[in-house]
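Enquirer: Sequence:
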Amino acid sequence: MKNSLLTLFFFFTFQSLVFGQQILKTDDGIIPNSNSERINNLYIPKLEIPKTKISDQIISHTGYSLLYNEKYKQANWVAYELTREETNKIFERSNKFISDPQINSVNNFDKDYKASGYDRGHLAPAGDMGWSATSMIESFYYSNMSPQLPGFNRGIWKKLEELVRTWAIENKAVYVVTGPVLAKGLPTIGYNKIAVPNYYYKVILDYKKPNIKGIGFVLPNESSKSALQNYAVSIDSVEKVTGLDFFYLLKDQQEDLIEKELCISCWSWKVNKNSAEKYKATESLQCSGITKASNRCKRMTTNASGRCYQH
Numbered sequence: 001m002k003n004s005l006l007t008l009f010f011f012f013t014f015q016s017l018v019f020g021q022q023i024l025k026t027d028d029g030i031i032p033n034s035n036s037e038r039i040n041n042l043y044i045p046k047l048e049i050p051k052t053k054i055s056d057q058i059i060s061h062t063g064y065s066l067l068y069n070e071k072y073k074q075a076n077w078v079a080y081e082l083t084r085e086e087t088n089k090i091f092e093r094s095n096k097f098i099s100d101p102q103i104n105s106v107n108n109f110d111k112d113y114k115a116s117g118y119d120r121g122h123l124a125p126a127g128d129m130g131w132s133a134t135s136m137i138e139s140f141y142y143s144n145m146s147p148q149l150p151g152f153n154r155g156i157w158k159k160l161e162e163l164v165r166t167w168a169i170e171n172k173a174v175y176v177v178t179g180p181v182l183a184k185g186l187p188t189i190g191y192n193k194i195a196v197p198n199y200y201y202k203v204i205l206d207y208k209k210p211n212i213k214g215i216g217f218v219l220p221n222e223s224s225k226s227a228l229q230n231y232a233v234s235i236d237s238v239e240k241v242t243g244l245d246f247f248y249l250l251k252d253q254q255e256d257l258i259e260k261e262l263c264i265s266c267w268s269w270k271v272n273k274n275s276a277e278k279y280k281a282t283e284s285l286q287c288s289g290i291t292k293a294s295n296r297c298k299r300m301t302t303n304a305s306g307r308c309y310q311h
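Using the working numbering, you'd call the opening residue of the sequence shown number 1 and step up by one each time.
Rather than coming from a laboratory, the hints here were simulated on the basis of the structure.
All of these numbers come straight from a predicted model, not from anything done at the bench.
Some hints could be false.
Stated by the list, open to error - Cut-off 30 Å, straight-line C-alpha distance, at most; resulting in silico cross-link-like pairs (DSBU-like, lysine-lysine): (1) K89 - K46; (2) K114 - K158; (3) K172 - K158; (4) K89 - K225; (5) K172 - K213; (6) K273 - K213; (7) K209 - K51; (8) K225 - K273; (9) K251 - K184; (10) K260 - K172; (11) K172 - K51; (12) K193 - K159; (13) K251 - K209; (14) K89 - K159; (15) K89 - K53; (16) K193 - K71; (17) K208 - K114; (18) K225 - K209; (19) K240 - K158; (20) K111 - K51; (21) K225 - K46; (22) K208 - K158; (23) K209 - K159; (24) K209 - K158; (25) K184 - K53.
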């Protein structure tokens, strides 16, 4: 009897360990952070996904998820976790804009954008997707595009994207949700009538101990030389503008505290041009090297280069 109980104990312990490892892996088998780090920081799967209706169809790609809006021909939101390791740029931009195969309707808008005066503005930036060849290609799906004025897309919006990568490096990982503010009566471009948003939003959550914090931004679709701090708002404020419920998987009390507060001094505001590959490593990070099978190396390293002894 005693031996049977011991056998059962070890069986369920083994199953628990295997199950835990499966949860912590991404679809690619890439583990952005070590399991122990995620467990110690109370990792919540899919924390970045806003609250949605049962009927809503969330589309998941390698590097991000999105909720597509057929009426406005763009996503209501894109969401992803960006880790320090994922800021390592291994693959260059594809610059090939293509249809999203998971959307049944027409979503190749080359002709709509041509001579429209608007950029094909990324919601999930290509700069956040350079850690995987697949994620880079998928970042150029038209479902991830929204019409942005060139001065906005190449100016303050780009600066915000760079700042978020800096925060991912400094805080080990951040959760990001980005999208257009969609409303009735927006102007459109092209035969397919792609809506041109007047505003864009971005919310960021640092869910790492000891300084858990969140921040939001609402920016007009126009050129600006103002400091990004001038567009910073609480996450609650972004929820009021968009009607979305962010980070709802947090405990209610914790969610309320994080989302109602705007703490400018809690964040750094100088963009770090260095990637995690150049970040002085003081802990074990996943190697940024690529294996012969074209997969990312799974070894952990403390080398400041971000690569293990084989790479």
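Enquirer: Now tell me if each hint is right for this structure.
Expert: Against the structure, the hints come out as follows:
Taken as a hint, the K89 and K46 pair is honoured in the structure, with Cα atoms around 24 Å apart against an allowance of 30 Å. A threshold of 30 Å between alpha carbons decides the hint, and for K114 with K158 the separation of about 21 Å falls inside it, so the pair holds. The hinted pair formed by K172 and K158 meets the criterion: a straight-line CA distance of about 21 Å does not exceed 30 Å. About 27 Å separates the Cα atoms of K89 and K225, which keeps this hinted pair within 30 Å; it holds.
The suggested pairing of K172 with K213 holds, with an alpha-carbon distance near 13 Å, which does not exceed 30 Å. Only pairs whose Cα atoms come within 30 Å are accepted, and K273 paired with K213 is accepted, the gap being roughly 23 Å. Distance hint between K209 and K51 is fulfilled; the C-alpha atoms sit about 24 Å from each other, no more than 30 Å. Note on K225 and K273: the hinted pairing holds, with a Cα-Cα distance of about 19 Å set against a maximum of 30 Å.
Taking the CA atoms of K251 and K184, the gap is about 34 Å. The hint is violated against a cut of 30 Å. With a CA separation close to 23 Å, the supplied pair K260 and K172 stays within the 30 Å bound. In summary, the hint linking K172 to K51 is supported, as the alpha carbons are separated by about 25 Å, within the 30 Å threshold. The suggested pairing of K193 with K159 holds, with an alpha-carbon distance near 29 Å, which does not exceed 30 Å.
Proximity of K251 to K209 is assessed by CA-CA distance (about 16 Å); at most 30 Å being required, the pair is judged to hold. Restraint check for K89 and K159: satisfied, since their Cα atoms lie roughly 17 Å apart, inside the 30 Å limit. Distance hint between K89 and K53 is unfulfilled; the C-alpha atoms sit about 35 Å from each other, more than 30 Å. A C-alpha spacing of about 9 Å is found between K193 and K71, which places the hinted pair at or below 30 Å, so the restraint holds.
Simply put, K208 and K114 have alpha-carbon atoms about 43 Å apart, too far for the 30 Å limit, and the pair is violated. For the hint linking K225 to K209, the alpha-carbon distance of about 34 Å lies beyond 30 Å, and the restraint is violated. Taking the CA atoms of K240 and K158, the gap is about 24 Å. The hint holds against a cut of 30 Å. As the CA atoms of K111 and K51 are separated by approximately 34 Å, the hinted pair breaks the 30 Å bound.
Under the criterion of a C-alpha separation no larger than 30 Å, the hint pairing K225 with K46 is inconsistent with the structure, at around 35 Å. For the proposed pair K208 and K158, the alpha carbon gap of about 25 Å is at most 30 Å, so the pair holds. Taking the CA atoms of K209 and K159, the gap is about 26 Å. The hint holds against a cut of 30 Å. Only pairs whose Cα atoms come within 30 Å are accepted, and K209 paired with K158 is accepted, the gap being roughly 28 Å.
A hinted pair counts as satisfied when its Cα atoms are at most 30 Å apart, and K184 with K53 qualifies at roughly 20 Å.
Comparing the model with each numbered hint stated earlier shows that hints 9, 15, 17, 18, 20, 21 do not hold.
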